[in-house]
Structures are given as structure tokens and as C-alpha cells.
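> Sequence lines, in order, name chains P and F. Take 1 as the starting number for the first sequence in my numbering and just add one per residue. Take 117 as the starting number for the second sequence in my numbering and just add one per residue.
Worth flagging that the hints you see were computed from the coordinates, not collected in a lab. Since this is a predicted model, take the numbers as computed values, not measurements. Built from N, CA and C at the ideal position, the CB exists for glycine as well. Check each hint, because a few of them may be wrong.
Far from chain F by the CB rule (all over 12 Å, computed), these chain P residues [as the list claims (entries may be wrong)]: (1) Lys7; (2) Leu9; (3) Ser16; (4) Phe27; (5) Ile28; (6) Lys29; (7) Leu30; (8) Gln41; (9) Thr63; (10) Ile76; (11) Lys82.
If you want a taste of the chain F side facing chain P, the calculated C-beta under 8 Å gives, among others [unchecked claim]: (12) Ile132; (13) Val145; (14) Asn147.
Calculated cross-link-like contacts (lysine-lysine; reagent style DSSO-like; alpha-carbon spacing at most 30 Å) [said to hold, decoys possible]: (15) F:Lys539 / F:Lys501; (16) F:Lys432 / P:Lys7; (17) F:Lys340 / F:Lys432; (18) P:Lys48 / F:Lys212.
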Amino acid sequence: MTKADLKILALIIVQSGISKKIAKRLFIKLKKSEQKMLLEQIKLEIQKNKISVISAQKVDIATGKKLKELFKKEKIEIVENKDLGAGLIIQDNDTIYDMSFKGNLINTLNAVTEAL
Amino acid sequence: MAKQKQFTAEEFLKEIESKLSHVDTDNTVSNVGTVVSVGDGVVRANGLSRAGFGEEVEFEEGAHGLVLSLDEDTCSIILLSDVLVNVGERVKTTGKVLSVNVSEDLIGRVIDPLANALDAKPLKIKDGKLYPLERIAAGVVTRQPVDTPLKTGIKAIDSMIPIGRGQRELIIGDRNTGKTAIALDTIINQKKKDLGLRQVICIYCAIGQKRGNIARIVAILEEKGAMDYSIVVASSSSDPAAVQFLAPLTATAIAEYFMERGQDVLVVYDDLSKHATAYRQISLILRRPAGREAYPGDIFYLHSRLLERSVRMSDKHGGGSITSLPIIETQANDISAYIPTNVISITDGQIYLESDLFNSGTRPAINAGTSVSRVGGAAQTRGMKQISGPLRLELAQFRSLAAFAQFGSDLDTATQKQIDRGKRVVAVLNQPQFQPLGEAAEFINIYSASSGLLDDFPVDKIPSFEEKASDFVRAKSKNIYSDLEKGNKLDDKGMNELKNTLALLKKSLT
Numbered sequence: 001m002t003k004a005d006l007k008i009l010a011l012i013i014v015q016s017g018i019s020k021k022i023a024k025r026l027f028i029k030l031k032k033s034e035q036k037m038l039l040e041q042i043k044l045e046i047q048k049n050k051i052s053v054i055s056a057q058k059v060d061i062a063t064g065k066k067l068k069e070l071f072k073k074e075k076i077e078i079v080e081n082k083d084l085g086a087g088l089i090i091q092d093n094d095t096i097y098d099m100s101f102k103g104n105l106i107n108t109l110n111a112v113t114e115a116l
Numbered sequence: 117m118a119k120q121k122q123f124t125a126e127e128f129l130k131e132i133e134s135k136l137s138h139v140d141t142d143n144t145v146s147n148v149g150t151v152v153s154v155g156d157g158v159v160r161a162n163g164l165s166r167a168g169f170g171e172e173v174e175f176e177e178g179a180h181g182l183v184l185s186l187d188e189d190t191c192s193i194i195l196l197s198d199v200l201v202n203v204g205e206r207v208k209t210t211g212k213v214l215s216v217n218v219s220e221d222l223i224g225r226v227i228d229p230l231a232n233a234l235d236a237k238p239l240k241i242k243d244g245k246l247y248p249l250e251r252i253a254a255g256v257v258t259r260q261p262v263d264t265p266l267k268t269g270i271k272a273i274d275s276m277i278p279i280g281r282g283q284r285e286l287i288i289g290d291r292n293t294g295k296t297a298i299a300l301d302t303i304i305n306q307k308k309k310d311l312g313l314r315q316v317i318c319i320y321c322a323i324g325q326k327r328g329n330i331a332r333i334v335a336i337l338e339e340k341g342a343m344d345y346s347i348v349v350a351s352s353s354s355d356p357a358a359v360q361f362l363a364p365l366t367a368t369a370i371a372e373y374f375m376e377r378g379q380d381v382l383v384v385y386d387d388l389s390k391h392a393t394a395y396r397q398i399s400l401i402l403r404r405p406a407g408r409e410a411y412p413g414d415i416f417y418l419h420s421r422l423l424e425r426s427v428r429m430s431d432k433h434g435g436g437s438i439t440s441l442p443i444i445e446t447q448a449n450d451i452s453a454y455i456p457t458n459v460i461s462i463t464d465g466q467i468y469l470e471s472d473l474f475n476s477g478t479r480p481a482i483n484a485g486t487s488v489s490r491v492g493g494a495a496q497t498r499g500m501k502q503i504s505g506p507l508r509l510e511l512a513q514f515r516s517l518a519a520f521a522q523f524g525s526d527l528d529t530a531t532q533k534q535i536d537r538g539k540r541v542v543a544v545l546n547q548p549q550f551q552p553l554g555e556a557a558e559f560i561n562i563y564s565a566s567s568g569l570l571d572d573f574p575v576d577k578i579p580s581f582e583e584k585a586s587d588f589v590r591a592k593s594k595n596i597y598s599d600l601e602k603g604n605k606l607d608d609k610g611m612n613e614l615k616n617t618l619a620l621l622k623k624s625l626t
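Could you put the whole structure together from the sequences, leaning on the hints where they help?
Structure (C-alpha cells):
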């Protein structure tokens, strides 16, 4: 199977799901390198459908829903991390939006160090 | 080490406050990826969907890299540091193209292509400006023709293959034929500020050379006082191919800083053959299609865009210039090979060094027949033009008659005279290393041979004649000497006076 075919297959699996029986048969048919590629593509597709949020405080359900609508994603993964001080870090696929106090402080310190 | 400014507490707080007020504290958006494979100095990472070609990226553990290939799902990044990178490590874009922080503080320093000091002294750039390594060359309208000489101090070059400020003159030859020697003599000669022209800032770029060689060159430049106006950008043969690839780009970026401030800069690329080899290595690792001799298809473009940045800017745009002396090493004198022909077609002339000439004692071993300067007389002083016209022809005639020299007694008078003249011209054009000459001294020595004055003077005594000639003329004919120093043409009266003065010296030495 070509890379393009595996990409389409991964998309179908993520969107529609796949039964254990079919998955087993599929993996027997594929070569080892194709299996590896398919798993990578499935991971990427799953990543595309969700956003990861690291927050300094607890994020309520309404806020979580708003974020999902804003980024047009189906799933949201929220992790609490008080080390951020305040604010959020949101990862959408390969883009990171750093709106945390810790991130801002580090940037400010780096900029002042460079300027001095 | 410079004395650090002492701040009072109040001044210190004011300084911090002013820096903070200029700092951008907006939320950051960064593009990240994950390392998929590492090998041979190249990292493949997925993600990084917003990475640009030539963008600098930063790894989680502190390594830095340069994006050189954008594929559908992955980016290929060449590593710029020795920090280990592991599979699964995060990498993020910086939003910056690879640049070098330049200021006058770089003068006298030895740095690597990433502007880290190599000379065991701390490097602090004050009021520096970031210059991108890759940059589009100045447009046609912003340039002006090359008409100001860049004196090398080497008689054979300044008379027959003159170089102008803003020109690209290739130095090409086999190994051990004196290519680097010519470049070093040119750098050393800039100390004189000949013809009253402004100081030339010199940048010596060592690409893939042995560290011992680089150290020797730096020692020579320091000994001759050339480091007062020079910068050395060094990447040794033990450096990664990526760093060797960046070396000439860094040297050119630094040159552009000084050029834009209206200064004249000389850049020596030693040598571009190794640069091409480093680029071939990177391209093959990046799986780019291999062309002739396994070089990538854009090897010509690599050197053409580098050398096109050498320019003479118009007075409206500062009047600065970058003169480049790229060096190419040939194998078995083959100038028709791939890389040599590429660079010959890019540059504004070449100085061709032959190993046969070198081995026979002609040093510098310049083949005047195949060497050319496409700028030519436009970059010569009127004085030098006056006497250098017949030189090439005389040398060419001598070479064609040289085979008959062994039959001295069987030749007619005219042929013998030509051979005698040729021998003296060759002897005068020979020059020891690290002894570049000023305009007046060059004029006097070349005139002595080409005018026929030394036709009956023993060839082996010519070096001692040359040693004394300049000082003798300066003592006996001060006005003539002063005119020659300025590069002026001598009238008939002046020429006669000079001839008589030199005849006196010849008589005293015979």
C-alpha cells in the first residue's frame, strides 16, 4: 500500500472506528513498515482531532466546551499544573499557544538578558 | 578585558526599566514537532507544519538546527551544534532565519561560522546588528562600475591581472602552488593604505582546512599586524559539514555589515572546492537527487548567489564595496572540471597558478597567458597602465622562445635580445612571500625590466637591484617618487629622469 493509501485508511479508522477482528486481519496483510506507517498516521489523525490544555487552575466544563468550539475539535484533554502560575498553554496539533504566566516570565527574562 | 561600567543601584534600576519597556511580552505562538530520526548530522522531525525553509529551530535539550528540506509530513534539519539529539525529543521553530550578530568588535577576532569565539578570548558584541546569512544580492541599479584598484602588492598581479574593489577574482591552481600565499599577501598589503585610498577590512574565511593551517595563518596575520583590520571565520575539517557549508555565508554577512557603512571589504574564501564538497555531503544525506560528480543540481546556484553579493555600491548607496578572492583547488591542473568551470564562469577573472612554474622557481607561479582580469585597466592606476602594456606580450614571446635558450650561441641578435629581456622580466616578477610592495616600488621594478635597462645586468643580481631601487629613487628623485606613490602617469621628462637615476644605481652595482 502507498503512503497516500495508508493515510486514507488511518483517517477512516479514526473517524468510523474499526472492529478487533478486522484490525487483526488488516495487520496480518500489511508489511511491518506499512504497519508502522499506519500506526503513525493514526496517531497523527487522533492528534488532529483533539486539543491539549495545560492550565494553572481547574477548567470548568463550560470553558472546556468553549475551547472545543473555538478550535473546532471533537476532543479536549485538560491537565492541571500549578507550576504555570496562571493562564493556559494550549496545543493544537503542532502549534502551541503559550498564555501562561510562567511562559511570559521566561520570555521577558530572555529578552532582557539579550538586550543587556 | 574591557573595564565593566559600574552602575549605582538607581542607574541599574533605570537601565532595567528602559530595557523592560521595549520588551515584547505578548503571548507566544510556537510551532513544534517531534524528532523521528537522527543520523549523519541530519534530523528528521514531524509536525513543524509552519516551519520555513532556512529557518532556525531549537531542540528541547538546547541544540540548534537549520531547516533545509520540507517534505509532506517531515522536515529535515541539519544540526549546528554538538549537543546530542534523541528520537522523540521536541523541536520548535524560532521564527528567525539564521543570522550573525555583527559589529566592529569582530575585527581582530577568530570566530566560527556561528559567531562563537575561537581565540580563547570572551566575545562581547556591543550595538551589534543581526545580518542574515542568506541574502539577495544588491540590484543592478544600486551598483556602480569597478574603477578603484585593490592593490595586492604582488607585481605580477597588479601589472597584468589588476583587481578592483568590488571585483570577484578567482585564484585557481593545484595544491601547494601558492594560492593562499597570494591571498595572505593581499591582506597584508592592505596595511599600507596604498594610493591614499581608505582602509580595506579583510575577512579570511577558512573552509574545511586543517586546524594547524588555520593557526599558522592567524599567527602570520598577527605577526604582520594584519589582524588590526581583519577577521578570521574558521571552520576546520573536523567541523560538521553543515558548519563548513555556513562559513562563507557568515563571512559574506559580516562583509555586508561593513560595506553598508561605506567601507571597502576584502573577503577570501579558502577554499570553495571544500565548500562544494560539504554541500554535496549535506545534499546526499538529505536524499536530494545527485547530478554530475554526485553534486546536487543547485551547486552552481550555491556559488553564484554567494559571489553575486560581492559588489561595488553606488555613491548614493554608501559607496562601499566587497571584493572577493575565491580559491579553487584543481586536480592535475584540470581547469575544465565541474566546479572550477562553474566558478570561472561566475567570477570576473582568474589567477591561474601552475605547479610546473612553481617547481621551476617562478613564484608566484602565475601563468600570465591563461590568467585574466575582466575589469582590467579600469582598476589600474595611470602610472601602472603606462608600463604594464607590453609585459604580457614580452612574457608570451619569451615562453615561445624559451626552448631555444639552451642554444644561446646559435641565435640571431634579435632573438637573443628577446630572451634576455624575458629572463629579466621573469626575474623581476618573482617576489618573495609576505613582502608586498607599494605602488611606487612596483612601478620602479617593473619599469627597470620592461624598459630594457637591465638587459645587460646579471639576472642573479636583480633581487639586490630591486632591494635598493626604490630607496635610491626616493633619495635621488623625490618628486618622481611622490608622483609614483600617487599612481600618476609620468611625462617624458619624468621618465627620462627615472631612467637616468636607475642607470646610476645599475652602474654602482655592476
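> Each of the hints needs a verdict: does it hold here or not?
Status of the hints after comparison with the structure:
Non-interface call for Lys7 (chain P) relative to chain F: violated, since the shortest CB-CB distance, roughly 9 Å, does not exceed 12 Å. The Cβ of Leu9 (chain P) sits about 15 Å from the closest Cβ of chain F, beyond the 12 Å cut-off, so the non-interface label holds. Every C-beta of chain F lies more than 12 Å from that of Ser16 (chain P), the closest at about 22 Å, which supports listing it as non-interface. Phe27 (chain P), annotated as away from the interface, keeps every beta carbon of chain F farther than 12 Å; the closest lies near 21 Å.
Listed as outside the interface, Ile28 (chain P) is consistent with that label: its C-beta sits roughly 26 Å from the nearest C-beta of chain F, beyond the 12 Å cut-off. Here Lys29 (chain P) stays apart from chain F, with its beta-carbon at least about 23 Å from theirs, past the 12 Å limit. For Leu30 (chain P), the non-interface assignment is confirmed: its Cβ lies about 18 Å from the closest Cβ of chain F, beyond the 12 Å cut-off. For Gln41 (chain P), the condition that its CB be more than 12 Å from all CB atoms of chain F is violated, with the nearest at approximately 9 Å.
The Cβ of Thr63 (chain P) lies farther than 12 Å from every Cβ of chain F, with a closest approach of about 17 Å, so its non-interface assignment holds. No beta-carbon of chain F is positioned within 12 Å of the beta-carbon of Ile76 (chain P); the least distance is around 18 Å. For Lys82 (chain P), the non-interface assignment is confirmed: its Cβ lies about 19 Å from the closest Cβ of chain F, beyond the 12 Å cut-off. With 8 Å as the threshold, the beta carbon of Ile132 (chain F) comes within range of chain P, its nearest partner Cβ sitting at about 7 Å, so the hint holds.
The beta carbon of Val145 (chain F) is positioned within 8 Å of a beta carbon in chain P (closest approach about 5 Å), and the interface hint is therefore held. Hint status for Asn147 (chain F): holds, given a least beta-carbon distance of 6 Å to chain P, under 8 Å. Between the alpha carbons of Lys539 (chain F) and Lys501 (chain F) the distance comes to roughly 22 Å, so the proposed pair stays at or under 30 Å and holds. Between the alpha carbons of Lys432 (chain F) and Lys7 (chain P) the distance comes to roughly 57 Å, so the proposed pair goes past 30 Å and is violated.
Simply put, Lys340 (chain F) and Lys432 (chain F) have alpha-carbon atoms about 35 Å apart, too far for the 30 Å limit, and the pair is violated. Using a Cα cut-off of 30 Å, the hinted pair Lys48 (chain P) and Lys212 (chain F) holds, with the two alpha carbons roughly 26 Å apart.
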